[in-house]
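First to last, the sequence lines map onto chains Z, S, D and A. Counting from 1, one number per residue, gives the positions in the first sequence under full-length UniProt numbering. Counting from 1, one number per residue, gives the positions in the second sequence under full-length UniProt numbering. Counting from 1, one number per residue, gives the positions in the third sequence under full-length UniProt numbering. Counting from 1, one number per residue, gives the positions in the fourth sequence under full-length UniProt numbering.
You may find that some hints are simply not true.
Note: identical chains are not told apart, hence a pair may lie in one copy or across any two.
Said to hold, decoys possible - Within a straight-line C-alpha distance of at most 27 Å, the following computed BS3-like cross-link-like pairs (lysine-lysine) qualify: (1) 169 <-> 38; (2) 175 <-> 31; (3) 169 <-> 204; (4) 176 <-> 38; (5) 176 <-> 193; (6) 224 <-> 38; (7) 31 <-> 183; (8) 175 <-> 67.
If you're looking for bench data, these hints aren't it; they were derived computationally from the structure. Model, not experiment: these values are computed from the prediction.
Number of protein chains: 4
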Amino acid sequence: MRKKDHKKEIRETGRRVPQLSKEVYEGTLYKLQIELVKLQRHLIKFDDRILIIFEGRDAAGKDGTIKRITQHLSPRETRVIALGKPSDRDRSSWYFQRYVQYLPAAQELVLFNRSWYNRAGVEHVMRFCTADEYDEFMSSVVEFEHMLIRSGIKLLKYYLDISKPEQEKRLNERKKDPLAQWKVSALDEHALKKWDEYTLARDKMLVHTHNLITPWIIVHADDKQLARINLIKNMLSRLEYDDRDERLILPDPRIATTFEASFIEEGLLAS
Amino acid sequence: MRKKDHKKEIRETGRRVPQLSKEVYEGTLYKLQIELVKLQRHLIKFDDRILIIFEGRDAAGKDGTIKRITQHLSPRETRVIALGKPSDRDRSSWYFQRYVQYLPAAQELVLFNRSWYNRAGVEHVMRFCTADEYDEFMSSVVEFEHMLIRSGIKLLKYYLDISKPEQEKRLNERKKDPLAQWKVSALDEHALKKWDEYTLARDKMLVHTHNLITPWIIVHADDKQLARINLIKNMLSRLEYDDRDERLILPDPRIATTFEASFIEEGLLAS
Amino acid sequence: MRKKDHKKEIRETGRRVPQLSKEVYEGTLYKLQIELVKLQRHLIKFDDRILIIFEGRDAAGKDGTIKRITQHLSPRETRVIALGKPSDRDRSSWYFQRYVQYLPAAQELVLFNRSWYNRAGVEHVMRFCTADEYDEFMSSVVEFEHMLIRSGIKLLKYYLDISKPEQEKRLNERKKDPLAQWKVSALDEHALKKWDEYTLARDKMLVHTHNLITPWIIVHADDKQLARINLIKNMLSRLEYDDRDERLILPDPRIATTFEASFIEEGLLAS
Amino acid sequence: MRKKDHKKEIRETGRRVPQLSKEVYEGTLYKLQIELVKLQRHLIKFDDRILIIFEGRDAAGKDGTIKRITQHLSPRETRVIALGKPSDRDRSSWYFQRYVQYLPAAQELVLFNRSWYNRAGVEHVMRFCTADEYDEFMSSVVEFEHMLIRSGIKLLKYYLDISKPEQEKRLNERKKDPLAQWKVSALDEHALKKWDEYTLARDKMLVHTHNLITPWIIVHADDKQLARINLIKNMLSRLEYDDRDERLILPDPRIATTFEASFIEEGLLAS
Ligand SMILES: Nc1ncnc2c1ncn2[C@@H]1O[C@H](COP(=O)(O)OP(=O)(O)O)[C@@H](O)[C@H]1O
Ligand SMILES: Nc1ncnc2c1ncn2[C@@H]1O[C@H](COP(=O)(O)OP(=O)(O)O)[C@@H](O)[C@H]1O
Ligand SMILES: Nc1ncnc2c1ncn2[C@@H]1O[C@H](COP(=O)(O)OP(=O)(O)O)[C@@H](O)[C@H]1O
Ligand SMILES: Nc1ncnc2c1ncn2[C@@H]1O[C@H](COP(=O)(O)O)[C@@H](O)[C@H]1O
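Using the sequences plus the hints, can you model the full thing?
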């Protein structure tokens, strides 16, 4: 089979990966959470520092995934960071500065729910930053990440990809769901209206900022449960820790897979 | 019935409040979480600031309760703070300083998983602070809290009370539960060994720092589900927000009730 | 001599204290700076924490005095804090919060060039805060300071008092002095126009916030050199350190003296 | 004249540049301070951000130079940062993190009295960091600085170079000078004992971290007054501002000059 065919298959099957039954999902999640606890114990023991970035459109499932990951972890060594919009002072400072203060110190696991990549996404599309600031970001971010890596931080980047119909469905559900009210944001309506701009921004971001040292992992997230399970598996498979259950943590490449530039032309990302 | 008898009844029934069925628990929690979402919308709208302090012995259920409260809230306006042990610099600074930076700004709900009351509990019992520092804390903390109140912060303080057998059971379970491994702390063994010192420290703390403006709410926490449900109800009943479901939020006073000095002599707290 | 007469004399002579010759001023300042170095060595050795607050109208001489104090001190253990106007986030936080982060840790000497008393002065007069915020400040600040004192911080408060003609002269000179350009502020014109409001605000501040534990020291500052010398002497005389030159550090009470409520009615403060 | 001869001349004359008379020094300094005030007004007006790094051996004159620069500047927009040794938490974080929080925001002029280059100097020589950390720093710092530049920060780096006899003289004088007591540090004795290691560390630092975008300016600092005057001139000549006195600000290249690798082999730096 030629490579191209293989990809095609991924894409098609990717959308046809069968749903998990409630039992399998819950059973697997439980086991993965045990692995996460082992991971945390390991990182505390060896003074490791881990930073995980979650990106994706509105309603892609970032919150829910992060909640499953942190559910049974020690609150003292785990931090979830979801920064609001920059203050005036932030705006006049070095762009990365407001994130830098939350980088993990020894023993810490930090999860960024959205991140500096806001500049390549919402800030760019919604014109919250200038074109110059955008360009400057695109040419600096990889270097910046490499510095963090060299300093010993383990950095993983996940892009949760959802299709337009799925996004629409979720944004509508939110409006009805009394528990998801707070997620309804002034920016939501733009998510759909500016779908194509967001698509283009995503493509440019992935192409420019994907690299061998801080690669993007694409997670097909139309199915929340598959997305969560496979994202966690990918995470565990890329981090060392004692007593790892090697068979459990193999992610399904049809759901979570390292980005390749050809994904774009081949339509493997939602558009 | 004389007042004393009434209390006696509370105590006795308090221990005999029937367990909730899984359905009732989950149904009620779901409805309370909707109320919490309304509360958050209200506090964002009116630029309110809320701080909730959770205290209690090891394994009293602070983590679990906080998780239920925050489960469906906006991560950007909700912060859970569980500080580690003070650094050298912290130790040489004003005691409240390291907490002050996490106080809620407008629109924020902050939950302290343990708090400045560490000084009256673990730091006092384990001799992590001097007797002078302890005394100084006891004579300052109420004043300090009143200043926060006057500045417009809404401050609620919960003490989750568990009995010795229940603590013992939970600490043992933790050791076996693969998901609770991280909770096993070097300080746990002292929790039981120093049970009586902790009891005395708790009594002194409650008596000295309970007051009309920042009262302590005692939550009988041997039954986790009853504790969570009633703590949240108490919380909701003490904070204003639009469209409040008044009948839902009445806490059972046998589970969550304002501290009174007589509770101690009457044996209404675990000892 | 009756007490009143004694005060009267202070006031009158206070305005007639003869100027220092350049030689005496420089010689004395030099010796006082040596004492300051001894003080700093002592505070580093004993892990002391010192906070000094400088208040006074525009052009009262706060900057110049602070510069003389810090001139030969270790930059690493000395911090001068001159905060700009509060950010939006500051405004929605506990008022003292933005100052708290700069409180001295062990071994540190911190000098506040203006301080939380802005709320009683410029913020009140220029209506930068509400009447409620003003009231709340006036009723909290002493308590707050006492907490700092009890926590071991040494806190000294100086009010540099200048007369209207002197202020006018200095503000005019500034405009001409190429080195003082930056001091020319949008608020300056109000300093003179609102002289009486500032006078009243000062009186209320002094009366409400003077107390035995954190007293205000009034420094008559129409003569800059006398003001600097005597403020430093007062400072040194109130802080313990080894090898103190006791004769050198006696301040002239006609220049630097502890506030008394009667000063106001007796016209001992500029008005 | 061949280039080499020209350099030779610089070096030799550099050591023979005649001292300034007190009058000329004070007159020039006064005029330069007026220029600095203009510069500050300009940077406030245009929301500029300026960072100046001062490096050099113990007693090279960093403190004194910084004091002359800041003497008449607005304390609110000028910050001098002299960090103490890293805390435990700092040590386990990204190396640049503790400096990042002090980077200039709009309108700010920040002066670093010692800087991240500690890692290439004292930390390397005194073995306060590992060889890996040193290597990582050397390969990251230029990239890091370039990011700051691209983000719009103006960054100037000065290395104040003094000869061994001069350093010895100054360190001895300090011990006697009652006003310089605090400068006497446990590390001083090593400054001379490890003179050669420091020389080598300096050479490696200059060679590896000098570049066109964030060049090192070498200031021959055996004569303090010449060093201060010419460093300030160099600073002013490299920053744009209105109404600049072009003739005043030309630095003497024999005192302040851009680093070139050949300086080392030609013995133009103290060794
Ligand atoms: N040396 C210390 N000094 C002060 N506080 C400490 C010290 N060691 C632990 N603590 C505090 O004691 C509390 C209880 O610790 P632990 O039982 O390990 O955690 P928890 O019950 O919160 O999971 C924590 O808030 C911790 O910060
Ligand atoms: N809008 C504002 N709200 C609160 N404080 C302010 C505001 N504007 C200025 N201030 C404060 O007023 C004080 C006096 O300002 P100004 O006269 O410009 O400075 P200086 O300290 O040099 O006299 C400063 O501490 C400044 O922070
Ligand atoms: N253990 C250490 N680890 C890292 N840096 C240190 C350590 N001890 C001192 N330093 C740094 O070495 C530098 C030189 O110290 P010192 O000679 O005492 O001060 P000065 O800046 O007055 O010359 C300072 O920046 C200090 O922070
Ligand atoms: N004006 C703004 N400038 C920069 N970022 C913003 C701005 N408004 C919203 N954002 C960011 O956009 C992201 C999405 O916002 P929301 O859809 O409201 O959750 C968040 O990370 C916000 O911080």
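How the hints compare with the structure:
Proximity of residue 169 to residue 38 under the C-alpha cut-off of 27 Å is restricted to the inter-copy arrangement: shortest distance 23 Å between copies versus 36 Å within a copy. Taking the shortest Cα distances, residue 175 and residue 31 sit within 27 Å of each other only across copies (17 Å), while inside one copy they are farther apart (33 Å). Taking the shortest Cα distances, residue 169 and residue 204 sit within 27 Å of each other inside one copy (26 Å), while across copies they are farther apart (55 Å). Taking CA atoms no more than 27 Å apart as the test, residue 176 paired with residue 38 passes between copies only; the shortest distance there is 14 Å, against 38 Å inside one copy.
Taking the shortest Cα distances, residue 176 and residue 193 sit within 27 Å of each other inside one copy (20 Å), while across copies they are farther apart (51 Å). Taking the closest pair of Cα atoms, residue 224 and residue 38 come within 27 Å of each other both inside a single copy (24 Å) and across two copies (26 Å). Taking the closest pair of Cα atoms, residue 31 and residue 183 come within 27 Å of each other only across two copies (18 Å); inside a single copy the shortest separation is 29 Å, beyond that limit. Within a single copy, residue 175 and residue 67 get their C-alpha atoms as close as 21 Å, and across copies as close as 23 Å, so both meet the 27 Å cut-off.
Violation of the numbered hints given earlier is absent; every hint is satisfied by the structure.
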